[in-house]
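Use the sequences and the hints to build the structure in full.
2 protein chains.
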Amino acid sequence: MVDATLASTMKFAILGTGTVGTTIANKLLALGHDVMLGSRTKDNAKALEWHKGSAASGRAHVGTFADAAAFGEVVFNCTLGSATIEALSLAGAGNLEGKVLIDTSNPLDFSKGMPPSLFTSSEDSLGERVQKAFASARVVKAFNTMSAPLMVEPQQLADGQHDAFICGNDAAAKEQVQSLLRSFGWKHIIDLGDITAARATEHYLPLWLRLWGACKTHMFSVHVVRS
Amino acid sequence: MVDATLASTMKFAILGTGTVGTTIANKLLALGHDVMLGSRTKDNAKALEWHKGSAASGRAHVGTFADAAAFGEVVFNCTLGSATIEALSLAGAGNLEGKVLIDTSNPLDFSKGMPPSLFTSSEDSLGERVQKAFASARVVKAFNTMSAPLMVEPQQLADGQHDAFICGNDAAAKEQVQSLLRSFGWKHIIDLGDITAARATEHYLPLWLRLWGACKTHMFSVHVVRS
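Sequence lines, in order, name chains A and B. No gaps in the numbering here: position 33 of the first sequence is 33 in our numbering, and each next residue is one more. No gaps in the numbering here: position 56 of the second sequence is 1056 in our numbering, and each next residue is one more.
Rather than coming from a laboratory, the hints here were simulated on the basis of the structure. Bear in mind that the values here come from a model prediction, so they are computed numbers and not experimental data. Careful, some of the hints might be misleading.
As the list claims (entries may be wrong) - Here are the simulated DSSO-like pairs of lysine-lysine, each with C-alpha atoms no more than 30 Å apart in a straight line: (1) A/Lys-27 with A/Lys-42; (2) B/Lys-1027 with B/Lys-1046; (3) A/Lys-216 with B/Lys-1187; (4) A/Lys-112 with B/Lys-1132; (5) A/Lys-46 with A/Lys-11; (6) B/Lys-1099 with B/Lys-1042; (7) A/Lys-132 with B/Lys-1216; (8) B/Lys-1187 with A/Lys-132; (9) B/Lys-1099 with B/Lys-1112; (10) A/Lys-187 with B/Lys-1187; (11) A/Lys-187 with B/Lys-1216; (12) B/Lys-1132 with A/Lys-216.
Unchecked claim - Among the chain A residues that face chain B by a calculated CB cut under 7 Å, a handful are: (13) Ser-117; (14) Leu-118; (15) Glu-123; (16) Ala-158; (17) His-162; (18) Pro-206; (19) Arg-210; (20) Met-219; (21) Phe-220; (22) Ser-221; (23) Val-225.
What the hints assert, rightly or not - Just the calculated beta-carbon pair ranges, DEER-fashion: (24) B/Pro-1149 with A/Lys-112: 36 to 44 Å; (25) A/Lys-112 with B/Thr-1041: 29 to 37 Å; (26) B/Glu-1123 with A/Ala-135: 28 to 36 Å; (27) A/Leu-48 with B/Asp-1109: 45 to 53 Å; (28) B/Gly-1098 with A/Ile-189: 32 to 40 Å.
Glycine included, each C-beta is placed from N, C-alpha and C at the ideal position.
As structure tokens, this is what we get:
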């Protein structure tokens, strides 16, 4: 059940047609929301395939980045980190104005092979770059520290005893994202502070990648235990 | 109880007289080992204070970095990241040759205020710099992802249901460090691979620092949950 700070059904934009985008899109449809999947072109093959599979819902739509951002009351950035600023520029600052913009991206640089490095320093983050470039959007960094299946079904693992991290400058926007996370099944959500905390969750990615290797599965997550 | 791959009593060098160094030194004394705390000068005030408090054991010693490294069969680097290479140079490559060198340091740069940034990129780590500079030492990165009290008494928190991470190029050295961790009470130890994985655990520090703020205590740690 979606709690009070989120309307029971809302319009969501998902920018990006990869696994993260379609996984979140499907979860939102399952919860009764309307979803537009946005990509660079209207005839993106992955978007059309997703739309075909989701047509029965009557609430699945496809369009350009700009179409989707105009459609959504809340916007998810699910593009690759290296494409994020450009994709959001195509979405259009005007279409993002005043909206909660959930940034799931990571500043991964795959150009030098595996494991990828980060294209940000520890004094910078993609979350901050997004907030700076789209100053009137209410950016919340979230969903960037676990694999796609766990993002939307956290209770699959350890009965949900693991943690989601959020950060952002807008307290009301973070409350909405917390509500959304709870509607996905998240029990443990840690608010790390303002958008500069994106440095922290993005810099966790090198450890996430090594743990992926050590665990031999992407179905793992971390639980913060405290006294 | 220390298991088969570690002798029941051994000689340890601790380089660095801060909280991490003295906390580990006291734990090693409590387990019956001999310990020399090394610092830049023989008359370091913190080292002498520690020695006074530990004299009853008959197994506590102080000396220069070089004295300690010569004394220890296993060497702990517990100096600040910014001082690590210089401290190890003073310890002397010859005194480190063939020895297990446990590197607990983090590449934190406090010069621009709090929170500290990292002075390494995601394609580099202090662990690798140490291994490269002291090629005949058997470097194992460990103990750099939790607060000092938890390093030596992990069962204080959540009955020890949280994780220590190690990495290094020498399998036998990592086995010795795993034995040592178990003798300290660690139940969950994840081997992340070769020394390049130090990039991962060192890059976790920005998240550790934000979690410290969010948890309002340093008595927290992370547990990796997996399917």
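Hints, one by one, checked against the model:
1. A/Lys-27 with A/Lys-42: holds (22 Å)
2. B/Lys-1027 with B/Lys-1046: holds (17 Å)
3. A/Lys-216 with B/Lys-1187: holds (20 Å)
4. A/Lys-112 with B/Lys-1132: Given that 30 Å is the threshold and the Cα spacing comes to 21 Å, the pair holds.
5. A/Lys-46 with A/Lys-11: Holds, because 21 Å separates the two Cα atoms, which is no more than 30 Å.
6. B/Lys-1099 with B/Lys-1042: Distance of about 23 Å is within 30 Å: holds.
7. A/Lys-132 with B/Lys-1216: Cα-Cα ~29 Å, so holds.
8. B/Lys-1187 with A/Lys-132: With Cα atoms ~44 Å apart, B/Lys-1187 and A/Lys-132 exceed 30 Å; violated.
9. B/Lys-1099 with B/Lys-1112: violated (35 Å)
10. A/Lys-187 with B/Lys-1187: holds (26 Å)
11. A/Lys-187 with B/Lys-1216: holds (20 Å)
12. B/Lys-1132 with A/Lys-216: holds (29 Å)
13. Ser-117: holds (4 Å)
14. Leu-118: holds (4 Å)
15. Glu-123: holds (5 Å)
16. Ala-158: holds (4 Å)
17. His-162: holds (5 Å)
18. Pro-206: Since chain B brings a Cβ to about 4 Å from A/Pro-206, closer than 7 Å, the hint holds.
19. Arg-210: Hint holds; A/Arg-210 Cβ to chain B Cβ min 4 Å, cut 7 Å.
20. Met-219: holds (4 Å)
21. Phe-220: Interface hint status for A/Phe-220: holds (4 Å vs cutoff 7 Å).
22. Ser-221: Holds, because the Cβ-Cβ distance from A/Ser-221 to chain B comes to roughly 6 Å (cut-off 7 Å).
23. Val-225: holds (4 Å)
24. B/Pro-1149 with A/Lys-112: 36 to 44 Å: Holds - the Cβ-Cβ distance for B/Pro-1149 and A/Lys-112, about 39 Å, lies within 36 to 44 Å.
25. A/Lys-112 with B/Thr-1041: 29 to 37 Å: Violated: the Cβ-Cβ distance is about 43 Å, outside 29 to 37 Å.
26. B/Glu-1123 with A/Ala-135: 28 to 36 Å: holds (31 Å)
27. A/Leu-48 with B/Asp-1109: 45 to 53 Å: holds (48 Å)
28. B/Gly-1098 with A/Ile-189: 32 to 40 Å: At 48 Å between Cβs, range violated.
Hints 8, 9, 25, 28 from the earlier list are contradicted by this structure; the remaining hints agree with it.
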